[in-house]
Amino acid sequence: MSTLDTAGGASAATTRSEYASGDLGGKSAGREIKNQIARIVVWGCFLIACVPLVWILGSALVKGGHMLLSPDWWSHSQAGITARRVGGGAVHAIQGSLIQALVTALISVPIGVMTAVYLVEYGRGKLARAVSFMVDILTGVPSIVAALFVYAVWVTTFGFQRVAFAVCLALMLLMVPTIVRSTEEMLKLVPNELREASYALGVPKWKTIFKIVLPTAFSGIVTGILLGLARVMGETAPLLILGPYTKNIATNLFSGNMATLPTMIDRDRTEALQPAIDRVWGAALTLILIILILNLLGRLVAHFSKVRN
Amino acid sequence: MAKRIDVKDLDIYYGKFKAVEGVTMTVEPRSVTAFIGPSGCGKSTVLRTLNRMHEVIPGGHVDGKVLLDDQDLYAPNMDPVAVRRMIGMVFQRPNPFPTMSIRDNVAAGLKLNGMKNKKQLDEVVEKSLKGANLWNEVKDRLDKPGAGLSGGQQQRLCIARAIAVSPQVLLMDEPCSALDPISTLAIEDLIHELKDKYTVVIVTHNMQQAARVADNTAFFNLAATGKPGKLVEMNTTQKMFNNPDEKATEDYISGRFG
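Chains A and B are the protein sequences, given in the same order. If you read the first sequence in this note's numbering, its first letter stands for residue 112, the second for the next number, and so on. If you read the second sequence in this note's numbering, its first letter stands for residue 13, the second for the next number, and so on.
The set of hints was computed from the structure by calculation and includes no laboratory data. We put the CB at the ideal spot given by N, CA and C, even for glycine. One or more of the hints may lead you astray.
Ranges between beta-carbon positions, derived for each pair [stated by the list, open to error]:
1) A/255 to B/67: 20 to 28 angstroms
2) A/318 to B/139: 43 to 51 angstroms
3) A/225 to B/189: 34 to 42 angstroms
4) A/225 to B/163: 30 to 38 angstroms
5) A/238 to B/51: 19 to 27 angstroms
6) A/299 to B/227: 35 to 43 angstroms
Derived lysine to any residue pairs resembling SDA-like cross-links, with alpha carbons at most 25 angstroms apart [stated by the list, open to error]:
7) B/123 to A/232
8) A/322 to B/154
9) B/130 to A/231
10) B/28 to A/303
11) B/28 to A/231
12) A/322 to B/129
13) A/322 to B/132
14) A/322 to B/156
15) A/322 to A/221
16) B/123 to A/302
17) A/316 to B/129
18) B/142 to B/91
19) A/299 to B/26
20) A/322 to B/91
21) A/237 to B/69
22) B/130 to A/303
23) B/30 to A/299
24) B/156 to A/416
25) A/316 to B/67
26) A/318 to B/81
27) B/28 to A/307
28) A/299 to B/93
29) B/128 to A/307
30) B/123 to A/325
31) A/316 to B/71
32) A/322 to B/124
33) A/322 to B/155
34) B/156 to A/303
35) B/130 to A/326
36) A/316 to B/93
37) A/318 to B/30
If you want the footprint, here are the derived chain B segments under chain A, 3+ residues with CB under 8 angstroms [unchecked claim]:
38) 99-107
39) 165-175
Between the sequences and the hints, there should be enough to build the whole structure, so can you do that?
Shown next as structure tokens:
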């Protein structure tokens, strides 16, 4: 090692003498100071950005953590439990949130993915531009507008009850455009050469899309879906407008009320009693956890996908 | 197995832009034909019209005839998918399917077109990999991803994939331009063997490569940028490189332009 060093040193010395005519003397003090200032600003911004995040997570953990440790939380509903009583669980709300998310995904994923396939693989000309424009508009629709639209159609026009399925429809309006956009990006990343390679083997276009393009983009598409799902699970406006709360476990999408974590938070929030406040924080922490798990799942899928570079 | 290709008065367009004009040529069966010429002269475009890959590009269309043993590839009732099953293609950059193992890459063409018999597929995989001089290097790791091979191996994998569907003709679009000299040699040796069974058409920028592998050579050129490319001369490789009829050919081959 030392012999190598001296050899390197010798050649470095010759290079240095070659550059000696230009002034290389020391670091400039002014640049050093600028560097320090920039470093402090960048770190400062980073810390400021972290404050609310850590604060929220910290409060939820401190105030709601003990709720999640009780086994009842994961096995009981709030049936028959008043605001001033301790006890019961959140299973009705967790289950409701998961059911609605699942149904929303079941409707949104095929529509979203197929729309993206159309836009990337088939769409040319006016229709494609119109579809793309609509998706852009839908992406910008606030969740409460989506909820009111579904209310107007479902309740006012058709005269149906406010039920879980109506919530799913509103959430679908919010989820489809995010899936279209994320899937579109992933499909565009699939190199055109793979499509051409498949065509050159005499494989028809639709088969090329299903067997080559979609599998190649699979992990990216799934990641996009899971992130979209995580976002939709935290949506509250459609739930407040279309999904009345209940303390009981409910599984029927088309009749009766179905609890969800956001509506549970909203209900218990209005009670100024400690057991209810504890439940608010417990439900908040549970929601954060579920969304965190979905995000992690998205990352795992991306990590263990078959396509690696 | 091998078939001959006759091109008659072929004009090739990208939308309204005429990229290539008035190509008439014959590609002999069981031989290697090289397309040479400066960049942008349309040699790859001509190659891609031979298996109707040109029209995959939006706006791409042609005028004129391409006959495969007297069958018009551009007849109205001809299915481009069927044409591509008869005329295989190898691309400039190796492009194995990244989600598939080596075995599945070779079997892709047959599998995607509905062949399910596993024994038969395995036979085809072995035969094709042997045909592409890759079998000995990969036979112990057929289930590993195709993208894990070296560039030269990937290109031979793509050749194996193309010959697995037993085409009549094999088109190669600068198959060695992304490869090192040793891999290039391996591919050129392979082309020599392939011409016993297939009609091979190869586009190349490397004149020595054309001289080494091709029986016949076609020289394409364009008058000026923005003008359509044309077939200047087509002859046996020997004549093209020693005593071409056209001055432009001689200038290009001797390195005076392009």
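Which numbered hints fail:
Going through the list in order, the structure violates hints 1, 2, 5, 9, 18, 22, 23, 26, 37 and respects the others.
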